Amino acid sequence: RKEVEQDPGPFNVPEGATVAFNCTYSNSASQSFFWYRQDCRKEPKLLMSVYSSGNEDGRFTAQLNRASQYISLLIRDSKLSDSATYLCVVILYNFNKFYFGSGTKLNVKP
Amino acid sequence: DAGVIQSPRHEVTEMGQEVTLRCKPISGHNSLFWYRQTMMRGLELLIYFNNNVPIDDSGMPEDRFSAKMPNASFSTLKIQPSEPRDSAVYFCASSQPGQGQDTQYFGPGTRLTVL
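Residue numbers (the working numbering), protein chains in the order written: chain B, 1 to 110; chain D, 1 to 115.
Pulled out of the complex, with its shape left as it was, chain B reads as follows (with noise of 0.2 Å):
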């Protein structure tokens, strides 16, 4: 089983549309997490991290789910600009370990 899993989509979505991703993981003591984009043939660029409590940038927010062991991203007003592939990482300090998930391609149309 993978440490990160991630739907790899694509999701298509017309402008202004509201998406959403999950990203879940396998190991109950993972400490961090973060949510990067990356456009095509670039590379991963921060996004956003995730906390407990959950966090919001603009049209981005982010959220943790502990007892599921997953984290979500949450799009309002889709813009083209959007359209990327967004990783989700998750980090172990205790044990070094930094796990990318394999990303989840987003199309956003006109």
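Do not take every clue at face value.
To be verified - Here are the simulated DSS-like cross-link-like pairs (lysine-lysine), alpha carbons at most 27 Å apart as the crow flies:
#, chain 1, residue 1, chain 2, residue 2
1, B, Lys97, B, Lys2
2, D, Lys68, B, Lys105
3, D, Lys24, D, Lys68
4, D, Lys78, D, Lys24
5, B, Lys2, B, Lys45
6, B, Lys42, B, Lys2
7, B, Lys42, D, Lys68
8, B, Lys42, B, Lys105
9, D, Lys78, B, Lys45
10, B, Lys79, B, Lys42
11, B, Lys97, D, Lys78
12, B, Lys45, D, Lys68
13, B, Lys79, B, Lys109
14, B, Lys42, B, Lys97
15, B, Lys42, D, Lys24
16, B, Lys2, B, Lys105
17, D, Lys24, B, Lys109
18, B, Lys45, B, Lys79
19, B, Lys109, B, Lys42
20, D, Lys78, D, Lys68
21, B, Lys97, D, Lys68
22, B, Lys105, B, Lys45
23, D, Lys24, B, Lys97
24, B, Lys45, B, Lys97
25, B, Lys109, B, Lys45
26, B, Lys79, B, Lys105
Keep in mind that the hints were calculated from the coordinates and are not lab data. Since we're looking at a predicted model, the values are computed, not measured.
Here the structure of chain B is known, so what remains is to put chain D in place on it, guided by the hints.
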């Protein structure tokens, strides 16, 4: 400020040749990571240095791969001999832990093709 710098950006080589990838982390960052990304396997951590010391190399696929960090501003990933299945994008990332958010900053990657 300069980000993480990687060279070369593209490398095409023949099977059996030695390949050396280079990385300069962001100044002041004390953690450095080497990743490999392929369509089939996604982004995989190969090795992780902290203060120039390898902390975890369990992701290094086999003895053909080696990584060094002789000082805080330079690291290399070497493949010898290279094989076609090593074709991938290799990313280097650096971070400065302990500031509330361990953000990893990625370099632009080296796209390696082994023929």
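Hints versus structure:
Under the criterion of a C-alpha separation no larger than 27 Å, the hint pairing Lys97(B) with Lys2(B) is consistent with the structure, at around 13 Å. Of the supplied pair hints, the one linking Lys68(D) and Lys105(B) is violated, its CA atoms being roughly 34 Å apart against a limit of 27 Å. Note on Lys24(D) and Lys68(D): the hinted pairing holds, with a Cα-Cα distance of about 12 Å set against a maximum of 27 Å. Between Lys78(D) and Lys24(D) the CA atoms are separated by roughly 15 Å; this keeps the pair inside 27 Å, and the hint holds.
Our distance criterion of 27 Å between C-alpha atoms is met by Lys2(B) and Lys45(B), whose separation comes to about 22 Å. Of the pairs offered as hints, the one joining Lys42(B) and Lys2(B) holds, with about 24 Å between alpha carbons and a cut-off of 27 Å not exceeded. Taking the CA atoms of Lys42(B) and Lys68(D), the gap is about 25 Å. The hint holds against a cut of 27 Å. Between the alpha carbons of Lys42(B) and Lys105(B) the distance comes to roughly 14 Å, so the proposed pair stays at or under 27 Å and holds.
In summary, the hint linking Lys78(D) to Lys45(B) is supported, as the alpha carbons are separated by about 25 Å, within the 27 Å threshold. Distance restraint check for Lys79(B) and Lys42(B): the Cα-Cα separation of roughly 19 Å lies within the 27 Å cut-off, and the hinted pair is therefore satisfied. Simply put, Lys97(B) and Lys78(D) have alpha-carbon atoms about 22 Å apart, close enough for the 27 Å limit, and the pair holds. Taking the CA atoms of Lys45(B) and Lys68(D), the gap is about 25 Å. The hint holds against a cut of 27 Å.
Straight-line distance between C-alpha atoms of Lys79(B) and Lys109(B) comes to about 8 Å, which keeps the hinted pair within the 27 Å bound. Simply put, Lys42(B) and Lys97(B) have alpha-carbon atoms about 23 Å apart, close enough for the 27 Å limit, and the pair holds. Distance hint between Lys42(B) and Lys24(D) is fulfilled; the C-alpha atoms sit about 18 Å from each other, no more than 27 Å. As the CA atoms of Lys2(B) and Lys105(B) are separated by approximately 19 Å, the hinted pair is consistent with the 27 Å bound.
The hinted pair formed by Lys24(D) and Lys109(B) fails the criterion: a straight-line CA distance of about 38 Å is larger than 27 Å. Our distance criterion of 27 Å between C-alpha atoms is met by Lys45(B) and Lys79(B), whose separation comes to about 18 Å. At roughly 21 Å between alpha-carbon atoms, Lys109(B) and Lys42(B) fall within 27 Å of each other, so this suggested pair holds. Proximity of Lys78(D) to Lys68(D) is assessed by CA-CA distance (about 9 Å); at most 27 Å being required, the pair is judged to hold.
Among the hinted pairs, Lys97(B) with Lys68(D) is consistent with the structure: their alpha-carbon atoms are about 19 Å apart, no more than 27 Å. Distance restraint check for Lys105(B) and Lys45(B): the Cα-Cα separation of roughly 15 Å lies within the 27 Å cut-off, and the hinted pair is therefore satisfied. The straight-line distance between the Cα atoms of Lys24(D) and Lys97(B) is roughly 22 Å, inside the 27 Å bound, and the hint therefore holds. A threshold of 27 Å between alpha carbons decides the hint, and for Lys45(B) with Lys97(B) the separation of about 19 Å falls inside it, so the pair holds.
Straight-line distance between C-alpha atoms of Lys109(B) and Lys45(B) comes to about 22 Å, which keeps the hinted pair within the 27 Å bound. Annotation: proposed proximity of Lys79(B) to Lys105(B) holds, straight-line Cα distance about 14 Å (limit 27 Å).
When held up to the earlier numbered hints, the structure conflicts with 2, 17 and fits the remainder.
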